[in-house]
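Just need the whole structure built from these sequences, with the hints factored in.
From first to last, the protein sequence lines are chains U and A.
Take the first sequence: its letter number 214 is residue 214 in the numbering used here, and every next letter is one higher.
Take the second sequence: its letter number 1 is residue 1001 in the numbering used here, and every next letter is one higher.
Think of the hints as simulated: they come from the structure by calculation, not from any bench.
Just so we're clear, the structure is a prediction, and the values are computed from it rather than from any experiment.
Note that the Cβ used here is the ideal one computed from N, Cα and C, for glycine as well.
Wrong hints could be hidden among the right ones.
To be verified - A few chain A residues that face chain U, going by a derived Cβ cut-off under 7 Å, partial list only: (1) LEU1031; (2) HIS1068; (3) PHE1077.
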Amino acid sequence: MGTRALKAPAGTRAALLLITFAYVGVMLLLPLGAILFEAFRQGIGLWWAAVTDPDARSAIRLTLIVAAISVPLNTVFGVAAAWAISKYSFPGKGLLVALIELPFSVSPVVSGLVFVMLFGANGWFGPWLEDHDIQIVFALPGLVLATVFVTFPYVARQLIPLMTVQGRGEEEAALTLGASGWRTFWRITLPNIRFGLLYGVLLCNARAMGEFGAVSVVSGHIRGETNTMPLHVEVLYNDYNFVAAFSVASLLALLAIVTLALKSALEWRYRAELEARR
Amino acid sequence: MSLEIAGGEFVALLGPSGSGKTTLLRILAGLEIPESGRVFFGDRDVTATPASKRGIGFVFQHYALFGHMTVAQNIAFGLTVMSRRQRPSPIEIRRRVEQLLALVQLPDLGGRYPSQLSGGQRQRVALARALAREPEILLLDEPFGALDAKVRRELRGALRAIHEELGVTSVFVTHDQEEAFALADRVAVLNAGRIEQFATADAIQSQPATDFVCQFVTE
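Written as structure tokens, this is what we have:
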């Protein structure tokens, strides 16, 4: 007697798939497609001119710098927090987990405003900063702070469940075998979390490069100086320079596609490794 | 509670769940810190010494093998993390790994990964790994708890034989009295954080010291 796995009736499955694909198609593929179409509609020449424009180049460079600072910071923090949360119990653990999730529930604009409120000319630390000739808001430090805040949770959130499930067994074994804390971390913990870590870093980076709201508030929109790529797209659009706006936006769309491809590759490798380990 | 174990002895910590036997073992290992009391290895007070520096070997109930390393790399791990001055040469390490694989009767499995082994094989690898650094004391936490009865009996014999050959002081935790009596020189019966009796299997069975021991042993 053979067995057949329980499945929903064919009609239901078809309907669900249709709805899913339609939703993905309209909400995701259509906008992406439209950006690419509009960007290249008037030829590669104009596209190239738009992305090599000095202000555009400056925006690209700024985006890369902000990401290059924010992502490593949040990675280190994320790993440390996930380690503490998953391997130890301590008072305030629940609170820490809730705080890590906070940036997800706060509107990005509010996040940006908080920094203006703290470090702006009329802010809490404004006078002190002015006395010491330090510029945070409307400058790179402000952009980095805002980006770090909104991308805070990505790495930690990816690692906490992973490390919780993995437990302390292998680390304890390494300790009994004479490995120091650091050795244990590098040779045992890191290899075990590498896919979750890469995945978290990937998401963190995508968000860091694409963030608009929080960065917009602290940026001051100084052309050529404090505009990241998303802000530059807005500037171009407001100038009715649609082709240029879409051209720069297409770079961000390209980032999205590359992120998606890398994410899928990581998932595929991870699943293969999980199967092998079972 | 107070426990004194002689060098080279094979001791079992026997008791029901929650009796504190695993906690006691982990305190000996340095994986847990007692609120009061001291631990001595010989006349060395190791209470403040971290687990990595106590010179112990630990075998976990669920193996805790390093999944991303081969069997040989697992066994060699304790040797590869030694300080440069103390670390044996790569050739010496390889020789030692082969020696240990032979000791636990898995001579050709060095290149495999833990996921490719059976439960009994994994526990043998864990044992070999724990013995690699020639520990003063070998600690085993319900080492056969996750294995079926037949494998359990096989490994029981293997463990006894290894103990006989190496003579390393061993302490193992179990809730299975048959196992405790078969393997250990002396058995400590624990109940709710207290040692009810610490004697040879014969003495416990013929002269139980308390009601609890009497009931626990005759079940």
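Comparing the hints with the structure gives:
no., hint, in the structure
1, LEU1031, "6 Å, holds"
2, HIS1068, "5 Å, holds"
3, PHE1077, "5 Å, holds"
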